[in-house]
Amino acid sequence: MIRQTLMEAAGNLLAAWQRSLLALLGIVVGAGAVISMLHAGAMARNETIRQFRQMGTDTLILRADSTQGMGNFRLGDIESVPGNVPLVREIAPFMIGGGPIQHEGQVRNAGYLGVTGNFSDVARIPVAQGRFLNAFDRFELFAVLGSDLAEQLSTPFEPIRPGSRIRVGRYVFEVVGVLAPVLQNPMMPVDINGTLFLSIPNARRVMAVAALSMAVARMVPEGDPNLATQQLQQHLGPGMRDSTLNVMSARQLIEGMNQQVRLVAMLLGAVGSIALVLGGVGVMNIMLMSVAERKREIGIRLAIGARRADVRRLFLLEALILSGLGAVLGVLLGFLGAFGFAWMSGWQVSFSPIAGPLGAGVSLAVGVFFGFYPAVMAARLDPIEALRSE
Amino acid sequence: MLELRGITKTFRIGPTERTVLHDLDLDIASGELCSLMGGSGSGKTTFMNIVGLLDKPTQGSYRINGEDVLGAKADALSRLRGRLIGFVFQQFFLMPRLNAWRNVALPLMYRGVAEAEAKRKACAMLERVGLGAHTEHKPSMLSGGQKQRVAIARALVGDPAILLADEPTGALDPTVSREIMDLFIEMNRDLNVLVLIITHDPGVAARCRRRLELVKGRLATQEKLAA
Ligand SMILES: Nc1ncnc2c1ncn2[C@@H]1O[C@H](COP(=O)(O)OP(=O)(O)OP(=O)(O)O)[C@@H](O)[C@H]1O
Ligand SMILES: [Mg+2]
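Protein sequence lines correspond, in order, to chains X and B. Anchor point for the first sequence: position 134 equals 1193 in my numbering, and the numbering is continuous, going up by one each time. Anchor point for the second sequence: position 68 equals 73 in my numbering, and the numbering is continuous, going up by one each time.
Chain X with its partners taken away, still in its complex shape:
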């Protein structure tokens, strides 16, 4: 019986395939939007996790701001932090600048970072060749290059490697190390891969404005970023004269980003839900039309022994097939949308495990919900009225 009803329902839909397609469209778009939204949300979450995995979520970035722009830390104050601020384990101050770099006729503009020897440890940047700067070569003209910058300055005959010589301003530096490529970190003010690293005294020589205005710090495991910020304010604040201290924590940043992602996801979800409801209304519309057109058929069925439940089942099944098909196509569209989203954002493709089942379930539910009324209308028809109608 169910099989026969299924066959008949499918046959009826096929016979009015243009109309069925139209009803399908709404469901497909709605389900697709909801599903790709869930996938995009999952990707965004994965992406933030990935970005912070390398640098860690226990990172703090300190910035000195003054009314004129960049403020100034005192090197001694910063260096005394690990012993005096309980929640901060390590800290590395740095200054930011930039300008042209020459090597074997190649010229590139790049950012300079004036750093202390522990910077690569604190910021967790691995060295690919040679070594990082250290405390003993503060006044030597040594330099370390980010991976992209090293590649850009290389020539086929003279690749950048430890021992290469590069010219920065009036000085010739010896390259002592090249860094491994690292992921972009949203907390870092520069692209590490495209940066030249110098010691702080050398940086003062080549930078137009030499302000020790930033520091990267690492908290003790499971440290509370808000408390650490408070402690840092207490320790550094008094020595900063006209500058103010600004502390940014990875966790706050992640939280902020997650909130943004949630907002966008909610927006997409709302759009998807509206599309689904519209799809449902489309299904209802089509089913009502179909009931009106097939009155006589309903009358015949009732006359030859169909019960009202049989008629209801037939029409409900038609709605269910429509929304089921819509759900399947919607899941496909959702995955396509997810791929498209990943392609556009450059994020790694990953899928939310609940998206498919949830999207499909919701669209089925919508189909049943909106298919119910027309099915009940069909089952309530008076057989004589139905038989008399043309």
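Hints in this document: simulated from the structure, not taken from any laboratory. Worth double-checking, as some hints may not be accurate.
Quick list of in silico lysine-lysine cross-link-like pairs, DSBU-like style, CA-CA up to 30 Å [as the list claims (entries may be wrong)]:
(1) Lys143/B - Lys126/B
(2) Lys78/B - Lys1354/X
(3) Lys61/B - Lys1354/X
(4) Lys124/B - Lys1354/X
(5) Lys126/B - Lys1354/X
Using the hints, position chain B with the ligands against chain X.
This is chain B with the ligands only, laid out in the frame that chain X set:
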């Protein structure tokens, strides 16, 4: 077998009331072959709808095999209809997308008969009405007479006690009409099913043993011919 007493049917159209059937009394025994004639609008179809449990009279009582059927609920009526009554209509009313045997099997499906069994019975019934070679044909591939044969097979497949036909030959030419009438007579004889045929054709009515005539909602003639 059928016992109708004081059947009155009144339709309300807005403020006006219109009585289509006036106080009809009628008994029909099982296995009878009756014709029902009458002018257009005399209430034949209305009467048949009541006999076929598709409609209820405004007044009166109706018993089938001594059982009062007017008190039954919609679903119980559906079941009674499915078990007791077969319908044949002037316009055949076949499902256009189902082939012949599926059309015939439909009443069985609604009774919960398994598909294989339903198919077997439907094909056997099609064989009986002379369409053994057309079981897989869709209605659109059949002639009018063949469609009406399918409809008759559908009406009879559930082994009903009553076969109601509303102008079954109205859409057919005289030759085919005669063949269909032959089939009704044959089925009435072989299956001992009560047959009530509404018709405008005196030739058709003349072949029925009992002839009823409605005039303006009243039974005018109830003649019975000797066998
Ligand atoms: N649902 C209804 N509402 C109002 N009036 C109706 C309804 N059904 C039938 N009638 C009226 O009842 C009268 C009898 O109708 P019925 O269909 O029984 O006639 P009939 O004898 O079958 O006629 P015909 O030979 O043309 O088929 C007609 O005048 C018709 O207009
Ligand atoms: Mg009529």
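Here is what the structure says about each hint:
For a cut-off of 30 Å, the pair hint linking Lys143/B to Lys126/B stands: about 18 Å separates their Cα positions. Of the pairs offered as hints, the one joining Lys78/B and Lys1354/X holds, with about 21 Å between alpha carbons and a cut-off of 30 Å not exceeded. Our distance criterion of 30 Å between C-alpha atoms is met by Lys61/B and Lys1354/X, whose separation comes to about 20 Å. With a C-alpha separation of about 26 Å, the suggested pair Lys124/B and Lys1354/X falls inside the 30 Å cut-off, and the hint holds.
About 28 Å separates the Cα atoms of Lys126/B and Lys1354/X, which keeps this hinted pair within 30 Å; it holds.
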